[in-house]
Amino acid sequence: MTRRELYEHQQRRRSLIIAGISTICVVVTIIFLVPFAPGWEKVQKSFFNGAVLTKTFPKLLDAFRVNIMIFAWSAPAIAILGLMIALARDAKSPALFPLRIFGAAFTDIFRGVPVILTVYLIGFGIPGLGLPRPWNSPFIWGSLALILTYSAYVAEIFRAGIDSVHPSQRSAALSLGLSERQVMKDVILPQAIRNVVPSQMNMLIALQKDVSLLSFIGPVEIFRQAGVYKSLFANFTPYVGAAIIFLIVTIPATRYADYLMARQMRERR
Amino acid sequence: MLKLELRNVVKRFGENTVCNGISLGVEQGQMVCLIGASGAGKSTVLRCINLLEPIEDGEIFLDEEDISIPGLNPQNVRSKIGMVFQNFNLFPHMTAFENAILAPKRIRGLSKVDLNAEIEMLFERFELTERMHNYPDQLSGGQQQRVAIVRALAMKPEVMLFDEITSALDPQLVGEVLDVLLQLKAQGMTMVLATHEMQFARQAADKICFLKDGKVVEEGTAKEIFNTPKQAETKAFLERALK
Chain A
-11 MTRRELYEHQ QRRRSLIIAG ISTICVVVTI IFLVPFAPGW EKVQKSFFNG AVLTKTFPKL
49 LDAFRVNIMI FAWSAPAIAI LGLMIALARD AKSPALFPLR IFGAAFTDIF RGVPVILTVY
109 LIGFGIPGLG LPRPWNSPFI WGSLALILTY SAYVAEIFRA GIDSVHPSQR SAALSLGLSE
169 RQVMKDVILP QAIRNVVPSQ MNMLIALQKD VSLLSFIGPV EIFRQAGVYK SLFANFTPYV
229 GAAIIFLIVT IPATRYADYL MARQMRERR
Chain B
9 MLKLELRNVV KRFGENTVCN GISLGVEQGQ MVCLIGASGA GKSTVLRCIN LLEPIEDGEI
69 FLDEEDISIP GLNPQNVRSK IGMVFQNFNL FPHMTAFENA ILAPKRIRGL SKVDLNAEIE
129 MLFERFELTE RMHNYPDQLS GGQQQRVAIV RALAMKPEVM LFDEITSALD PQLVGEVLDV
189 LLQLKAQGMT MVLATHEMQF ARQAADKICF LKDGKVVEEG TAKEIFNTPK QAETKAFLER
249 ALK
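These protein sequences, in sequence, are chains A and B.
-11 is the number of the first residue of the first sequence in my numbering; add one for each residue after it.
9 is the number of the first residue of the second sequence in my numbering; add one for each residue after it.
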């Protein structure tokens, strides 16, 4: 080992030991002190009730399958619609001018309105027109509300991705005799989509959470189910249980998105 | 008959006139080098020939056919005129082979087997067979530029344009790329180069044009330009470039 490596090795060990001791001190203090806090017993009984948790947790997991289902059919629809809107907004031919206007209006409207408002408007409103079963299902119209809202955001991210591809790539592709359309499909889009994967991961995570908004128009998904149990047991532990289930999914997903983002930063450097 | 001819080509970017009436003739099989300081308009001339930039005024002829008519579909022209860029501009999400086969596959309409064999031959000809299935970021600068040349040749162009193709390369990699140009010249390819490689231009060019401020100041054979330049501006430029 060179003396520099030796020095850095010692420094690292020192930092590790200090960080370890300081973490242990803080954790021990919290564990010892929190139960002495006034009202802790009440908090524990209301939010961290073991008996309620064991009774409700499996049912909550069951209800979470509804979230996953809605998520599973909405996400691909959002990707496709988002990409179509992004392409429509960049359409150059004059015949497609209405499409451009439509794309711009679409993103403006659905990014500008609160998601919950869109969910109410479409999810309650359209079945309210008196559609026959199964076409009055809040699953369909609630999902549509999510798809419309999220497509608007996803489309903007795709557009940013298209803009991020250097113009020289376009020049090179055109110089080979490819048409504008082929250039977009074969050269620009594949790179654009790859560039925005981390950002789109974050949209997926947000969507996963926002599926719960559909609870307001009917579907008994995890948030609604937790609410039912909250009323039944007069206890908030089911909400905590629901939060735990969300975190089990979202924490790894956010970490993965962060990892992709960091890797991309490294590659760009 | 000229293979390629520019008559009084004018190109402006906003207020900035980059080509101010450029005329230029290239015969079949000739290698023409455009020299001049950065910003003289060399690259823009090449981009105009390939119709990547629409021109304000003047005409460009390929085989005595006006290709600069506004509104003309540029695709047919571009597939006859290959272009290679300073920064290679390979498509990073495709292997070298996929880079080369993309345009012929989309445009030339050959069977897959014939086309594959043809592209493989090209890679072999330029000693890139081993690197054929590598991605651009796994290749050296010289290899990337040679792949870019192969990619342009895959369209079987009649004219090739080279835009300072060695400027982004480490000095020890310049040779392999210039060798490719000599190889193409020997095979009778019609070529126009924008270049800062004075020694190469001197040895290989059939004709040299010195550009300044968007105009052809002087043109002639390598001997005429390098040994007996007539214009003071040419002399001054060469003195600086060759020092």
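The hints are simulated quantities; they were obtained by calculation from the structure and are not laboratory data.
Beta carbons: idealized from backbone N, C-alpha and C, even for Gly.
Any given hint could turn out to be false.
To be verified - Which bits of chain B does chain A cover? Going by a derived footprint, with three or more residues having C-beta under 8 Å, they are:
{"id": "1", "region": "106 to 116"}
{"id": "2", "region": "157 to 169"}
{"id": "3", "region": "205 to 212"}
{"id": "4", "region": "238 to 244"}
Verdict on chain A covering the region 238 to 244 of chain B, where coverage means 3 or more residues with a C-beta closer than 8 Å: violated (count 0)
Chain A over the region 157 to 169 of chain B, status - at least 3 residues with CB closer than 8 Å: The restraint on the region 157 to 169 of chain B holds, since 3 of its residues have a Cβ under 8 Å from chain A and three suffice.
Proximity test - 8 Å, beta-carbon atoms, the region 106 to 116 of chain B to chain A, at least three hits: holds (count 4)
Within 8 Å of chain A (C-beta), three or more residues of the region 205 to 212 of chain B: violated (count 0)
Consistency note: the structure conflicts with the earlier hints numbered 3, 4.
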